[in-house]
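With the hints as constraints, model all of the structure from the sequences given.
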Amino acid sequence: MSDVVLETRDLVKHFPISKGVVLKTQVGAVRAVDGVNLQLRRGETLGIVGESGCGKSTLAKLLVGLEKPTRGEIQVRGDDLTRLTGTALRRARRNIQMVMQDPYTSLNPRMTVGDIIGEPFDIHPDAVPGYGKARAVRDLLDIVGLNPDHINRYPHQFSGGQRQRIGIARALALRPEIIVCDEPVSALDVSIQGQVINLLESLQRELGLSYVFIAHDLSVVRHISDRVAVMYLGKIVETGNDVAIYDQPTHPYTQALLSAVPVPDPRLRGHRDQIMLEGDVPSPADPPSGCRFRTRCWKAQPHCADQEPRLELRQRSSHPSACHYAEPRITTRHY
Amino acid sequence: MTDIRAHLDALPGVDPRAPLLEVRDLHVEFRTRDGVARAVNGVDLRLNPGETLAVLGESGCGKSVTAQAIMGILDTPPGHVTRGEVRYRGVDLLRLPEADRRKVRANRIAMVFQDALSALNPVYTVGFQLAEQFRMHRGMSRKDAKQRAVELLDQVRIPDARRRVDDYPHQFSGGMRQRVMIAMALALDPEVLIADEPTTALDVTVQAQIMNLLAELQQQRGMGLMLITHDMGVVATVADRIAVMYAGKVVEEAPVHDIYARPAHAYTQALLESIPRLDLKGRPLNVIRGLPPALTDIPSGCAFHPRCTYAREICRLEPPPAYRIAPQRIASCHFVREVLGV
Ligand SMILES: Nc1ncnc2c1ncn2[C@@H]1O[C@H](COP(=O)(O)OP(=O)(O)OP(=O)(O)O)[C@@H](O)[C@H]1O
Ligand SMILES: Nc1ncnc2c1ncn2[C@@H]1O[C@H](COP(=O)(O)OP(=O)(O)OP(=O)(O)O)[C@@H](O)[C@H]1O
Ligand code: SF4
Ligand SMILES: [Mg+2]
Ligand SMILES: [Mg+2]
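Taken in order, these protein sequences are the chains called A and B. Residue numbering for the first sequence is 1 to 335, as defined by our numbering. Residue numbering for the second sequence is 1001 to 1342, as defined by our numbering.
These aren't lab readings, by the way, just hints derived from the structure by calculation. Just so we're clear, the structure is a prediction, and the values are computed from it rather than from any experiment. The C-beta atom is built at its ideal place from N, Cα and C for all residues, glycine as well. Mixed in with the good hints there might be a few duds.
Across the chosen pairs, the derived CB separations fall in these ranges [as the list claims (entries may be wrong)]:
id: 1; chain 1: A; residue 1: G270; chain 2: B; residue 2: A1099; range: 27 to 35 Å
id: 2; chain 1: A; residue 1: T87; chain 2: B; residue 2: T1032; range: 49 to 57 Å
id: 3; chain 1: B; residue 1: V1014; chain 2: A; residue 2: D273; range: 42 to 50 Å
id: 4; chain 1: B; residue 1: H1137; chain 2: A; residue 2: A285; range: 34 to 42 Å
id: 5; chain 1: B; residue 1: D1240; chain 2: A; residue 2: R77; range: 28 to 36 Å
id: 6; chain 1: A; residue 1: R77; chain 2: B; residue 2: G1035; range: 19 to 27 Å
id: 7; chain 1: A; residue 1: A305; chain 2: B; residue 2: D1240; range: 12 to 20 Å
id: 8; chain 1: A; residue 1: G270; chain 2: B; residue 2: T1032; range: 31 to 39 Å
Printed below as a string of structure tokens:
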């Protein structure tokens, strides 16, 4: 267990929905993250996939302390972040940093690149290395493949891919062990995406980093991840190593998701048996009873409405799957 | 309805043997304070009835501007068509009297945009917006127009269309709004549908629904579909032919199977190789070095040369001609033979 650097237990985030302007009364809650258990090991990449609104960004923000959990634990190297306060909390937080999705809006346009990358040192002055902040920032620029002489330029003077490198340099400043990447390449063109992915992978090897890597592009996630967790409506529905998830998925949602991904090979046209999901994802403010996927699931039985399936090993699934009827599906290969 | 069709069929220059839609040597520039951005630099495209042509290329290469020029909805100024032709059944729309041009575009060529929410008017119900088209262009009564609106929503599989017709755009989910957009575009029974990244903002499961719907409607109606996208998976799934754009030009055009099996242009090849593949796991992804050019400062010769692994002196000096390498294949690269490996 000693190599587990991050672990969550029954992590929950509900956003209250209130009515009224003056006297606010809570009339419900968006159950954005609703009982997530995950483990991240040293030097490993955990991919998180799932459709829009399933709670990926909320989970990321909980992990780095940008949102306060409604309930549950976040253990970083054995310390529960949700119980720490003051200096101990700040120290623990240093260890887990974040790279955001949008390289066009996540950087303050009025700050120079040097100020952006150096800002974490202002918040944590005790983390400034002996040789000083300026040198530290230049080193960081160099590590992510940017010219250290551009330290006084502004974000708009960089391309999207370069801006994403700035975000990565900033996340590296406090020498964290864990980096949470929320859609780090989604806004980039394929040819540029590769540059950022390659950078993340080489940094991981050199610095022994652990990543939580969120993305909706399933082929990018497969490329970079050791293990993958699939989310649906605030819960993880299936988790396993990349082969288990991509080649032997046992949860109907994972199977549908993979079958819907268009494959860049015209020879497979008409030869893949695609599962067409009907309807839309239900509202996370009012999720279905029992299994949350049942309203769109072709295998659903009455039992699925009554009993919530737990994420666990099953008779026909050698990796954890939250479906009462989890089993592999014989199909053409997806990738 | 029939009189409009008859009117359009009688336009001077209509040629029944001409392609449904043909773009020739199209040039568009944006004159801004930062200089002249040459967004489109000589695009040639052809679309036949019942065919799906994918226009593929990275951000900023001029896909949307090409579509806007075809539709006549270019942001002018700063955008100007400086050269070229947009022919509908042989008739050059850019040179047609304004009234006729409008009629062709309203009745025969329709467009679906990436962002459905901003393309729909938030203050009117979707039913009103659909019905409005029938009232304006077909002179239908209020009641008949509404009836047609319900039928259309039904055709794009909006469940419970009779009730939903009175809802406002924000009351629909992203996927549903895109269906409404498609219904809007199909209302006047167009022969050409231009879809600009119609599923980019949607989840894959919803994307699959929308692409299937588009393909089905296209087949039923024998429409020509011009699908603009940067997703090589989507292209492989639905296109008959592909036009690959780079820096405002079509650099390669080919049937879908040929291009994936054997690209003829260095850029197409590099693009296909940059897709993550299973056998690359644990190894670096292939990337295209450098960045796409600024359109205010397009490299000389072949615009791709600073990023190209095949490039030699000639690439910097001379724009490559469009080589016809097979009856249906064109590639503008000085080293087509090397890229093809022949
Ligand atoms: N601050 C907030 N207040 C209220 N609801 C919120 C808040 N942040 C997120 N939500 C809701 O929580 C749910 C999960 O949102 P989240 O952003 O985590 O999804 P996501 O999986 O990251 O989606 P995407 O792929 O679109 O980025 C959504 O229904 C969202 O509307
Ligand atoms: N209204 C405008 N004013 C100034 N420049 C514009 C305008 N519209 C487009 N351009 C420029 O024209 C070029 C081509 O843009 P276009 O929208 O056609 O790209 P695209 O291929 O559709 O890219 P994307 O995949 O990002 O949608 C871009 O460099 C863009 O900045
Ligand atoms: S002409 Fe030269 S630079 Fe241009 S694509 Fe071909 S090989 Fe590359
Ligand atoms: Mg998100
Ligand atoms: Mg565009």
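Hint-by-hint comparison with the structure:
1. A:G270 / B:A1099: 27 to 35 Å: violated, 45 Å
2. A:T87 / B:T1032: 49 to 57 Å: holds, 52 Å
3. B:V1014 / A:D273: 42 to 50 Å: holds, 45 Å
4. B:H1137 / A:A285: 34 to 42 Å: holds, 41 Å
5. B:D1240 / A:R77: 28 to 36 Å: The hinted range 28 to 36 Å is violated for D1240 of chain B and R77 of chain A, with Cβ atoms some 56 Å apart.
6. A:R77 / B:G1035: 19 to 27 Å: violated, 54 Å
7. A:A305 / B:D1240: 12 to 20 Å: violated, 44 Å
8. A:G270 / B:T1032: 31 to 39 Å: violated, 46 Å
Of the numbered hints listed earlier, those contradicted by the structure are 1, 5, 6, 7, 8.
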